[in-house]
Structures are given as structure tokens and as C-alpha cells.
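Given only the sequences and the hints, what does the whole structure look like? Please build it.
The sequence shown begins at 1 in full-length UniProt numbering and counts up one residue at a time.
One or more hints might be untrue.
[Stated by the list, open to error] Label pairs and their computed distance ranges (CB to CB): (1) E431 / K680: 28 to 36 Å; (2) K316 / K695: 17 to 25 Å; (3) N299 / Q766: 27 to 35 Å; (4) Y750 / P681: 45 to 53 Å; (5) K635 / S593: 22 to 30 Å; (6) H206 / M952: 53 to 61 Å; (7) K938 / Y747: 33 to 41 Å; (8) Y747 / G890: 50 to 58 Å; (9) V867 / T959: 52 to 60 Å; (10) V867 / G890: 29 to 37 Å; (11) K695 / E592: 48 to 56 Å.
[Claimed, not checked] Under the rule of at most 20 Å between Cα atoms (straight-line distance), these lysine to aspartate or glutamate pairs were calculated in the EDC-like manner: (12) K663 / D615; (13) K46 / D60; (14) K214 / E677; (15) K53 / E25; (16) K631 / E608; (17) K418 / D564.
No lab work stands behind these hints: they were computed from the structure. A virtual CB, placed ideally from N, CA and C, is assigned to each residue, including glycine.
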Amino acid sequence: MDDNSVPVIVFHPIISSIQKIALYETKSRFYLMGSNNTLTRFRVLKIDRMEPKELVVVDDKREYTQDEIKDLVNMIDMGNRTRIGQRNNVGGVARVVSAFGIVGSNYKQSTSDNGMSEESEHQEFQKPMHKPTQTKFTWKTMWQRDSFPRLVPAFGLLGFVRFLEGYYIILVTKRRRVAVIGHHTMYKIEDTSMIYIPNDTVRVFHPDEQRYVKMFQSIDLSSNFYFSYSYDLTHTLQYNMSTPKHIKSNMPNISGKVSNQTENDIEDAGDFYNMWAFRKNHQNSSVTEKYTDYGIRNNPHRRFVWNSHLLNPVEKDLHRDWILYVIHGFIGQSNVSIFGRSMYVTVIARRSNKYAGTRFLKRGANFDGDVANEVETEQIVHDSGVSSLSNGRFSSFVQMRGSVPGHWSQDVSKMVPKPTITCDLADPYVETAGAHFNQLLKRYGSPIIILNLVKKREKKKHESTLSEELCMAVKYLNQFLPPEHHIQYISFDMARMNKRKKVNVMARLANIAYNAVLKTVDNINNPSTNYNVDVKFTIENKVKQCFSHKGTLQTGIIRTNCVDCLDRTNTAQFAIGKCALGFQLCALGLLESPKLEFDSDCVRMLEELYEDHGDTLALQYGGSQLVHRIKTYRKTAPWTSQGNDIMQTLSRYYSNTFSDQEKQHTINLFLGLFIPEEGKPPIWELLTDYYLHHKPACQYSRRIKLLTQWWDTSVLKCLPYALNEVTKACTEIIQVQNSMEEMIDVYYDYHRPYELSLFSEVYAYQISHSVREFMPHFTTNFSPFAVRVRPGRRREETGNKNLNMKNPSMTGQSSTSSTTSSASSTEDSSSDEEESHQHTNDCQLITSKESLELTSFESLFPSMKEVYGTQPEYPKRNDVVLYKKFVLIGRNATDSSDCTKLRSKLMQQASFPETTTPVITLPVVKERSISIYEQYVKRANVGGSIPSPNDMSLYESYTKQQQLLKRSICTN
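Okay, structure coming up:
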């Protein structure tokens, strides 16, 4: 490396090169052939079909070219024919299915009006590739032949599963784009295929096999399962953009030399921090920077990978390009257009696979601290103008929901709407809650802020039991934590407050959210914090310093819960998300202060995202959509919504009573908690699945850890930062010699310049848009932050009324309200005594009142001074004389009299000095420019020229592909 060059390390996420898969079948094998989008890189898997129960998969981990893969298919085809020129079901090769990824089973297809349509995704395989250095080549011509059956294309491998017979392979056959983060695309699974691997000649039948298959397929993978080829959906944006600590030692150091250590060794990331700091110190110098590109692949967060059991048989043996990690939950995205500047707001909900289940059957937590209905919700805002993760403008905020950590349950043997809550086990040392909060400290850092929405006072004890248990657990655990890292507990009886007419629930939540959000982002700016870092954690300081230069980190988490973590929790999370969105837009330089009004386009868009987020999670956990929505707690819901609430309640009650047990068995089977075995009772005969989720209950194990030290030592040393981010490791780091290497070029992967496409098919044109879906047609204020009129109002409110308000976004109340509300304290409770001691703070709203006076002429037509800030005055005498001179010059310029007369008149009217006339030379127009202009004029008069043979060939090929596609749709 040159002495005058500065080494700069640039990390890029590796794009999985297996995005299109074709499955070929012979009598003895399945051949899984995968390729990238441009059909330039291929890999092959061989699956043995002669093993009745074992899975034998061979991956040579070699990349093939187009010609090599053609020869391989021809060779397999020729070698498996029974007679010359003949194919049948026994011999030859037949293409069974094409896929987009390996995932699940043959699930029913779902439709959605968000994102790219399924039909447009399938057209990707019919479009010709156009790259200057390659011959014309298509996915269709590659995989489909006249002698092979025409089959649906597909996109990936989800895994393998076995019950009591042989293994099944599970492929994603339909996908849909639902979101983009930078140039990284997120897909939703729309359909899958489940194919039995062993040949019928060796198949051993079992009477219970089909029941297990039917149960497994009842997990609808086409409903809310998501994946990405280049972005790690199992981690937050902050984690994905953090610097890895553990790296391979065969990477060059600052001097450009390769370390002599083995590949299995790892070295500290301090050298990379030093490189980055060296670059920052020499930005303004004349030193030349030399970039070194590395492709990096993270370890997934196993808690949120839902196909881990399916990948378990082959994950260690296959190349990482074959592996596709799938999350379960919700992804929604909308475009906030701020005067033409597009800001994408994305909500990602990751549902945990630990202690997962249905509403009444999974309550509390297991012995490992995994709580029921745990969902991590991330809210990302990014400027779509700059999509690079390294150079773009991104902001992310994370919160979570989960059941009350403890051993409690509800008796579902009696068919009642609200079964009795009982505590199953005594936990005097709060070990279960300690294990849960230790996980949170490890994943998010401190502070942990608990927003408990469970009732606090009841005539007959029901929910209040959980409040008492949680409050007691927090007080006990805080005894052993340093004061600066104490768990902060906030109790807010949301249901009781909502019943009172004079209490503004959303105002209280907004105040709590404002204080909580500030606490999760301010710790990094506190220089007085003692991190207690020893020599073993020197890398932590370097990572902290690096992060502090790049931007503010979120440290800690806001944890929200009610009894079910559904209705009340979703409304509280919306209030927190609304407050966080104001800070995010302010941090990106789009707002001067973090103030967002209800009834504005931006907040209505966010409200719709969180409504969809809540409905999706409620369907997964409770069996119905939300019963009480955000409008219910704002008290703006129409009276007709009461009937819908009753129907949702009945639907949830029916689901919990009759279908939850079968659904719980399905989840246990899908996640691998129950594995069918010969001679073992089937899952539907189990009286309880308690021992599947509580493994320590099967056998006693002595605790080595002190009861008073419920946290890990390494966790405490990293606080307030998360241990997972400080000790981040990566699975694979590859040095990329060519900057245009396809494995890291997300721009090339996203825009796909090698394909013919229509603008209407581009995802950016189909995303939910604030102007198209939320802005009224009659508006005169095009700001997405302006308050819009509510239904029934005659005109739109102007933005001028909001100028004198004090932070109305913190109260959760619309500016159209005629009442003045005050915010509550941070730790709010349901006691009547505290109602009389409410105080106002900086977040208090001074609402504007509707004017009851008659409209005057001046209010309809304000003066220029009021509108533009200036008022024109009568011109002065000198200005009038100057204006008359210019009028005379213009009049004489159009006069056809002699030039000398014009000159004399001008000299009389204006005292201009005698000057020589400047000589102006005409510009020289090149012959090539004249020829282009002549062709342009000729084309307008005569018409267009005859297209070139290459263009005609391209158009004819595209037309034929479209006709074949239409015919295939009609025949199907």
C-alpha cells in the first residue's frame, strides 16, 4: 500500500446469489439448481431419493457458468433416459418446480393490495436479460424446454422436514415486495410448495403421516412470513450498521499484510477502528484514500428465525447462499412526501419463536425468561434520495411488547370470556423475571423502561394480581443493579382512565412516551457515566467512540404490556412511535422541533401502519383483529364501530375456545419443539405441552450462579450499551477485489438494468403514498404535517392557527378540540387522589378555539403585509423618471426611423456617456449540431426513422414473451 494513501474499510452486506431455483427430478435424485437474477452464477444441490428416511444432500460448493449448467442438465437428461429419444415417468429428467427460496409447505395463497403484485414478480422470469457483454439469455430459455412441463417459477429454499416417513423439501414459489430499506428489498412469502423426496419405490407408509402433514400445512406461510436476500431482518438497523468485533484474521491489516494466524482465529476490530479514525483525521489533507471493500454476512438472531428447525438438517453443510432466514410478524411501509421529498417510514415487527403460542395457552414466561407474545417492533425512517446504507440518512427506533414475566396462566376449561388469572409457581427470588430482564439488557442495554397498562385497582382481583407481581419483581431486582441502570417502572391504568369523560388517555400516553424516548437516546451524551470497562473490554470503548462520531445510538428499550399485549399495548406503542417519529424527522433535518399533530397526513399514515401492525399480531396471537383501536382511546370512533367491536370479540372468543389447541400443536410441530417418533405418543394425544416449553421442569439442575446476581457480568460491563452490539460477530467476511462485484452491488440488484420493466411495476410507484392516500383533494396546504379537517367540517384548517401552540404532538389531542388538557406525571396511576394534582409541563397543549364571530372581508382577503411580510409603497420621483427613460428606450427601439435620430433622442433624454458600440461575434455552430437539429426538424415533418435490426429483434422477443405469458395464464 502506498504511503500517501489512507486505508478505508467499507463493509457491504453480501447478497445471496441464490434467488431463482429450479428443481429437476430423476428416479434416484433431485437436482436443485439455483442462480442469481442475471443468470451468471449457478450452484447445484444433489438430493438422494433412494433413502426412505434419511436426508442425503450433496453440495459441491462450486459456482457454475451458463454453459456448464446447460451441459450438466443435458448430461443428467441423457444419462437417465430409458431408451434413445424417449422420456417417461421412470427415466429422464423432469423439472418439478421452480422456487425463490427454501421455507415451508404447500400453503394456500393470500392476496394483498400492498407492494408488488404476484403477476409482475412472475414476469421477471419471462423478461430477456440485456447485458452488453453477454448474449441474449432468459430464465425461461434456461429452464424450460418443449419436452419438460411448464411450471410456476419460484424463489428460494426454506428447509427440510420429516415426520414419520421420509423428508419433504419446502420451497418458496411466490413472493411479493413489501418494503425497501435503502436498496435492500424485503419480500413477503405468498405461496410455497412441499415436495416429498423419497421415490415411491422405497417409500415406507405410516398411518399417521398424512395427519402430521395436514397439521404442518395449517401454518399458513403465505401469511406474514418475510425474508430478504441482502438485509438481515432478524436484527435491528442499528445492529446491522454497527462494526463487527469478531472478524477473520486472514484479512489485511493497516500495513496491507496478511496475518499469519489460522482462519479459525479471530482478532480484535481495533485495527478497523484505527483505520476509520485515521481517515477522519486526514479528511482535509492531501492524502489519497484507498478503499478496501469487504462483503459481510451477519449471524442471524435465532430468536426471530422461524425456519430454524427446517434448516437444522442441512444448515452446517450447505453454502450460505442457499440459506434463507424467515421472520414472522409484520412489515409495512409508507412514503411521506414532504414537498416532493420522499421519506420512507417502515414498521417491522419480529415475533419471537421462544415460548410462542396462542392467547390463553401461552401466558407469562418459561424458566429461561422467554415471555409469551414477545414482539420487537422497529420504526425506520430513511431518505429515499440517498439509499446507500453507509452514506444514506437513516433513523431507527425500537420498542417491544411481551407478557408479564412470571409463572401465571388462565383456566380455559370453563367457557367464560375472562378466565381467572392464577399464579402457578412461587418464585421468591424472581429468577424468571431476572432471566428475562437479563436478556433485555444483553440485547438492548439500559435503561429498561416498563410501561405496564394492566389494571391497578379492581373490585374483584383479576388483572391487578399481575400488576402487584410485576411491581414487586422490579423492586427486588433493582436492589442488585447500579442506580444508573435501574429498571424504570411506569404503571398506567389505561382501561380505567378511558372510562372517565374528562381524562385524555392519549395525552397521558404522549407525556409518558416523550419522557421515555428521551431517556433511551440521551445516555450516549452523558460523559459522566462510569462504564467500568476492564482490559478485556477495550474494544468496547473503540466501538463507542466510533458510534459517537457516526450518530446517536439508542440504548435501552421501552417494554409495553397489558394482559394480552394486543389492544391497549398497540395503542400505547403507537403513542410511543408517534413521539419517536417526531424526533426522527427532527434529527434528519426535516422539522425544527419534534412536534407532530393528530389529524395530519403524516400521523394518519403512521396510525394506519400501527393499526395494520396491531391487527396482524392480534390475528396471530388472539385469533381476531383489534377490538379497541386508537380511535377508541381518542374517543373519535364512530358509533357504528361498536358493532364491529362486538363481532371481533366474538371471533376472538370462538378462536380461543375451539381452534387454539390445534393451532398450538401446529406451532409446536413447526418450530421443532415436538418431533414425531415411532413408538412415541402423537402430539394430539398429549395432555399438555408444558414440558415442551419448560425443559428444566423435566429434571432438576443445580444453580451455580448467585441468586443475587441475576445479570451476567459481561452485560453489566457494557451498560448502557448492548452486549450483543459490542461483541458483534459475523459469519463470513469476503474481500472483494472488484468494486462492481455483484455480491455487494445492491444498486444493481434493486434496479435490475438488465431487465425490461415498466414504471408501473416499480415498487416505488406502488408504495402507500401520503399525497395519494392521505392528503385530501381540496387541500390548500401541501405539508404532510398540517392538520386536516375532520369529517363533517366545512373547510380545511390553516396552519397559521398552530403557530402559537406549545408542542401539541405530545398530548395526543387534535388542535381542533375546544378543550384544554394537561399532561400527567411520568409515573401515572389509577388512584382518584392523583387526579386533582395533575400538573402542566412543556408538553402541554394550548388548543385553538373555533371563532364564533362573523367572517369579515379582511379575514378572507388578508393584506400583502400579512401574507408575504412586505407592503409596496408609492414610487419615488427618481424611480418614476428612471422608469420613463426605459419606456422611451423601448418605444424608440421599435420605431423604424433612422438610427442616428434614435441616438440623438436617447442622448437628449439620458445623460449617457459617449461610448463605442461593442462588437459581438456570433457563436459558431458545429456541423454535427446542425445535422442533429436538421434530423430533429425532419423527424417532426416526415416521421420517425426505421428502427435498427437490433431494436426490432428486441421488441419482437419481448412481444412473444408477453403473448406466451397471456396464453399460459388463460390455460391455467
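Broken hints, numbered, in rising order? none
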